[in-house]
Amino acid sequence: MESLYLPRPARLNKILPLTATEKLFEVSFDDGKSLGHQPGQFVEVSVFGVGEAPISVSSSPTRSKRSFELAIRLVGNVTSALHNMKEGSRIGIRGPFGTHFPYKELEGRDLLFVAGGIGLVPARSFINYAIDNSKKYGKITILFGSKSPSERLFTNEMSEWREKAEFLETVDKADETWRGNVGVITTLFSKISINARKTACIIVGPPIMYKFVLMECKKKEIPDSNIFMSLERRMKCGVGKCGHCQMDGVYICQKGPVFRYSEIKEIAEAL
Amino acid sequence: MHKNHNLDIDLHYITRVEGHGNIVINVKEGKIEKCQWQVPEAPRFFEAMVVGQKWDVLHHITSRICGICSIGHTLASLKATEAAFGIKLSERDIKLRKLALHAENLQSHVLHLGYLVLPDLMGVGSVIPLASTHPAEVKTVVRIHKTANEMSDLICGRTTHPQRLIPGGFTKIPSKDELKNLKDALNAEWNDIEIVAQLLLSLAPKLPSFTRETEFIALTNPNDYAFYDGEIGSTDAKSASVDRYLEYTNEYIVPHSTAKYAKHARESYMVGALARYNLNHRLLTKKSQDIAGLFGLKALCYNPYMNNIAQLVEIVHSWEDSIRLIDELLADNSYDIQRTNMHTNVPTYQRTNVQQGIGAVEVPRGILYHDYTYDDKGFCTKANCIIPTNQNHANIQADMEALVPQILDRPKNEIELMLEMLVRAYDPCISCSTHMLKVEFC
Amino acid sequence: MKPRIAFFDFASCEGDQLQIVNLEERLLELLQHVEVVSFREAMKEHSDNYDIAFIEGSCTRASDEERLKKIRANAKIVVALGSCATIGGINCIKNYRNQTEVRKEVYGDKYELFDTYLARPIEAVIKVDYKVPQCPINKEEFLSVAKALLTGQKPFIPDYPVCVECKMNGNVCVFEKGMTCVGPVTRAGCGSCCVNEGAICWGCRGLIDNPNTDAHKEVLEKYNLTPQEVMNKFKLYFGWSDTNAQKPQS
Amino acid sequence: MKSRVILKVEFPHWIASLIKTENVIGIKAKEAGKFHFGKLRSSGELRLDYDVAVLPPKKYLQPPKEDLLSYNIASFKVTPSADFQPITIIGVHPYDMHGINQMDAVFSDENKDTNYLGRRKNVKIIGVDPVKASAWSFWHDMGTAYVDKGFDLWLTDIGDRYFIEIGTKSGENLLKPAKTESASKIDIERHKKARSGLKNICSPSRRIKTDIKKIPDIFRANHDHGLWEKRAKTCYSCGSCNLVCPTCYCFDVREDMELNLTGGRRVRVWDGCMLEEFARVGSGENFRKERSARFRHRFFRKMVYMKEKIGALACVGCGRCASACLPDIADPVTAINELSGLED
Ligand SMILES: Cc1cc2nc3c(=O)[nH]c(=O)nc-3n(C[C@H](O)[C@H](O)[C@H](O)COP(=O)(O)OP(=O)(O)OC[C@H]3O[C@@H](n4cnc5c(N)ncnc54)[C@H](O)[C@@H]3O)c2cc1C
Ligand code: SF4
Ligand code: SF4
Ligand code: SF4
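Protein chains in written order, with the working numbering: chain A, 589 to 859; chain B, 724 to 1165; chain C, 48 to 297; chain D, 9 to 352.
One thing to keep in mind: the hints can contain errors.
Said to hold, decoys possible - Computed list of lysine to any residue pairs in SDA-like fashion (alpha-carbon distance at most 20 Å, straight line):
#1 B:K1100 <-> C:T273
#2 C:K201 <-> D:S291
#3 C:K49 <-> B:A854
#4 D:K120 <-> A:T687
#5 D:K47 <-> D:F92
#6 C:K91 <-> B:L1140
#7 D:K297 <-> A:L859
#8 D:K85 <-> A:R596
#9 D:K241 <-> C:N257
#10 D:K47 <-> B:A854
#11 A:K843 <-> D:Y313
#12 A:K621 <-> D:K85
#13 B:K1105 <-> C:T147
#14 C:K201 <-> D:F92
#15 D:K317 <-> A:T687
Since the hints were made in silico from the structure, they are not lab data.
The task is simple: from the sequences and hints, build the whole structure.
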């Protein structure tokens, strides 16, 4: 029996700065095997001597079999060690873990993505998956909100999203370069029209965002069972043992991170 | 070499001593205008801190007077508290306490000789370069130091600020198996000690031959080379019980120092390894007497630099006497690991009428007194601690005044080195020397 | 290049630097990764060019502030070592009394020669990057902090009470042995070493960030401590941080 | 289940022979009248008449600190820890056996925890029916006075002899050096009687005044009860209640690097949901910031969530948390009774 905690050796093929605090890492396994993830899942990234951190897979499985991408914000020890690494550096990977966005079940639906800040990272794997399989889905709408223009992620992919989907963006606080929308993400809702019965809404963002976006969804009359979200908690194992990620009795690493809103709305600690 | 007509020495914060001390010398046209041993260490006011504290924490607080001699401070403090309340210790615990003092003495003397003095004798600034130039020697010193520390850990729980020592005894004591292991470790160390002794023997000629007559004071005890218990002995006077310590330690204050100075029969006196040797050398173990002979150390020795050699002699003594004490403990059939409980809430000990208690022990740097007065609820109302280094300050000053005129014709760096070595020979523990308590001013 | 490190001390017993010396052969190993440029207690050389400054001791007089500020200006990282430097330690006991009185009590009519003010952790004077508490510091924790700094990490110092480690060690709680302690509000990291040795936790690592001191005072009184005894428990090490205790007098 | 009996005069010889062949952990006396599991050096140290151990035997299955991996950063060689020494634990009480059975369930669900299971496989358990109970225990009402699985051998004091139930083949092997006899009718009678007497060992003041089957619902219904807030006011967040519990298994993972800065180990250490940092994430957000939220979480985990996860209440009634909690707020008995509205 192989240890649950044994990471597989992998390498950072490419490192691209996204913002001052976020970098995009392209990772592949030493043995050349594919990660085999589904959009919305996460991996545990190991830096030996420093620790492990749960990180969402940001790339769509449609885009590459041999590698996958992680977008990582510098917050603490593991993430800063990763930020200090060079291309070719070795890391360990466990996973993929957790639930994924129900991309199969949602075929035929319109998709509304609502991503705040670093929430775009996990959302992106499904966004690009849907765009690559656009025939299978209806209309795709993407709302993205950042704190400031300098914190916008994946700006180089936005033209593709604009082209293949309806893409709207806002920032909480503008600077002199910013010409677009200013205001919290919910201000974008008035600018879109959606077919409530046909739309599935995917929300990912900081904890406080959920409450307000859900209110908008309610206004738009999107049923709770058609709302999906990805939640974050502290995690130490990723495999349902360490207890840190529990919200009430639910282990987010196993029953999540992707949840259907109707399934968690009764859980007091969820939102 | 011609006479230095002008010379200014200002050794600020002399290094490789514990705490801050300065040496200031001004010589103008051959005349010494200033020759001072200054102690600018920040005063800490321990005697004021313990007032209002309960009897069961005083040893914890006063241990913090000094990191290096924290076992000694703890024991002096406990003895004072135990004297105040008439608390008696078992034979076993007294032996263990003696072992604790030996451990501290070993650790401190090895640290001093190996890490602080050796660099002077070998002409380098610290032990760090020696680690690469003389790795075998350094590793030997490290090994002895480590064994001494492990010995304190085993007896006291921790080397610095020990946890197991409490009023009335020990919260925990080593098992016989642990004592046996300790004995084996000590026996295995003899070779290392000999190596260090030989190394010092080869370097001993570098110790200056300077003498100045002075008074030596140390605890004396007819049965024992006294560390844990005894009367106050002097080379100038008859011995007296420790209750009369104030007659011996008249403390006074000098403006250039935050530490207090002390005098007895003369203007100054010396405490520490050399004082103990001068007073008690007959009670040394066989091997340690041999070592003294090897270095030509003979009582009465008036050369303060020989304090270093007296320390080496004591290393051997503490080492040998520890093995003897362990053997006695191992042979004791009633030795069990019964521990003393710390009655934090209610002192259940018998109270005597006098609630003042005085405790004295010999710590590496000399005789140490703690003197406490308690109220009827067990809170401290008054305290006085007299620390060895304080007792030595005046003697250091007097030595410097005698030495400087003798060496004025030497190059400045040599003078500096000799003065530093003089101060270091006393192994001053300056951070503790300023933690002075209430004194009578005369 | 190897990081250059320096050690400094203020009002303290120098027990923390001694712990570093007591690392014995592991100190020699550590020295392979760093260059010690100042360590007054152990070496003669001194340089003001250092990356990491380790400071032991409290600041107890205004005249020491300048030296502290100079160290801060020279160092990239300042690490406070030991209770005196991190929380004020035992030195702060005197803060509960009038400072002139304290000076008079020890030095009599010559008290004016002896400068002192409220004892304080060095953090009260300069910015401190990391703190290694305990009286004296725990050698293992010092090493783990050193290793973290050498590998560019933020050192781990627990923010939970000593009870956690005491329970892990399977100790019988001191309250069940007829004694009392301040472990429930004191920062862990020492491995509950005093309780392991049959003593009590005195609180030398200082309060955790969010201690329930009110609850603990209640508990201590429930265990028959008089208000003065309770206060003494808090005075011993929490003098600087426990705002609920009697306000220090200047 | 097969059974044997062993005379008490023979018993020490058996234990002595086990000590010779096995790595034996037994229940022993500790200071202040307490007991603990520790290495058994002689049969005389064994104290089967104990009330409760300071720490449950889980410390041998999930040690307070254990290696998960060791690695070398330079060569990138990673080795999972696999050094699990065989041990035999003597003196496990039924409630603690229930605790171990629950840990077994948790660590062997679809994600098999190789560390736990590796150790578990190497642990033989000789349980014993209690003859005493601590003042805080209430296992008599938690359905944990008896246990029917998980052990290799089980002892019951029936006067001048122990009745031995044989749980496994390796248990049977442990008995080989023992001078046992087959159980007579009288032995079986006495065993039955001793078993039925078990329920009277805990203090009557520690009664649970409701049907334990109702406990999950009672707690669910009282999610917003004032009790959490009220009790948590004096909570230290010290985690003592977590750490002494036979069914708490949460852990933290840390890195332990060697001084050469190339070798290292990844270790897991016990953690507790009562600790303030437990649910705090890197961005600073704390998902259980309030003491009362953590306080409630612990109770819900014992009384509600684990029931849903593994089908058993995760409180086995050992009373350790109640006795460990200095402000006296962690006691499940008073909480259950208060919430059931039956507390007088
Ligand atoms: C399912 C999931 C997906 C995530 N995806 C991403 C992502 O795509 N990009 C990204 O930048 N961040 C992501 N995060 C957050 C990321 O895991 C944390 O920022 C990271 O663990 C911080 O680790 P650190 O060692 O740098 O910080 P430190 O503050 O030093 O953290 C110390 C330890 O605490 C734990 N911890 C701290 N914060 C978190 C947290 N937010 N979540 C879980 N454990 C935490 C970790 O175990 C970590 O080792 C995700 C978190 C979860 C739970
Ligand atoms: S147990 Fe308490 S007093 Fe002892 S080292 Fe730890 S924090 Fe300090
Ligand atoms: S309930 Fe009691 S034991 Fe548990 S964390 Fe709070 S104070 Fe500690
Ligand atoms: S919750 Fe308390 S009584 Fe119940 S099993 Fe855990 S420690 Fe024992």
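Here is what the structure says about each hint:
Pair hint B:K1100 plus C:T273 holds up; C-alpha atoms about 11 Å apart against a cutoff of 20 Å. Between C:K201 and D:S291 the alpha-carbon distance is near 15 Å, which keeps this suggested pair within the 20 Å criterion. Restraint check for C:K49 and B:A854: satisfied, since their Cα atoms lie roughly 17 Å apart, inside the 20 Å limit. Proposed proximity of D:K120 and A:T687 is supported: the alpha carbons are some 18 Å apart, at most 20 Å.
A distance of roughly 16 Å separates the Cα atoms of D:K47 and D:F92; the hinted pair therefore holds under the 20 Å criterion. Distance hint between C:K91 and B:L1140 is fulfilled; the C-alpha atoms sit about 11 Å from each other, no more than 20 Å. Restraint check for D:K297 and A:L859: satisfied, since their Cα atoms lie roughly 14 Å apart, inside the 20 Å limit. Between D:K85 and A:R596 the alpha-carbon distance is near 11 Å, which keeps this suggested pair within the 20 Å criterion.
For the suggested pair D:K241 and C:N257, the alpha carbons sit about 13 Å apart, so the restraint of at most 20 Å is met. Between D:K47 and B:A854, the direct Cα distance comes to roughly 42 Å. Violation of the 20 Å bound is thereby established for this hinted pair. For the hint pairing A:K843 with D:Y313, the CA-to-CA distance comes to about 14 Å; that is within 20 Å, so the pair holds. The suggested pairing of A:K621 with D:K85 holds, with an alpha-carbon distance near 19 Å, which does not exceed 20 Å.
Restraint check for B:K1105 and C:T147: satisfied, since their Cα atoms lie roughly 17 Å apart, inside the 20 Å limit. At roughly 33 Å between alpha-carbon atoms, C:K201 and D:F92 are farther apart than 20 Å, so this suggested pair is violated. Between D:K317 and A:T687, the direct Cα distance comes to roughly 18 Å. Compliance with the 20 Å bound is thereby established for this hinted pair.
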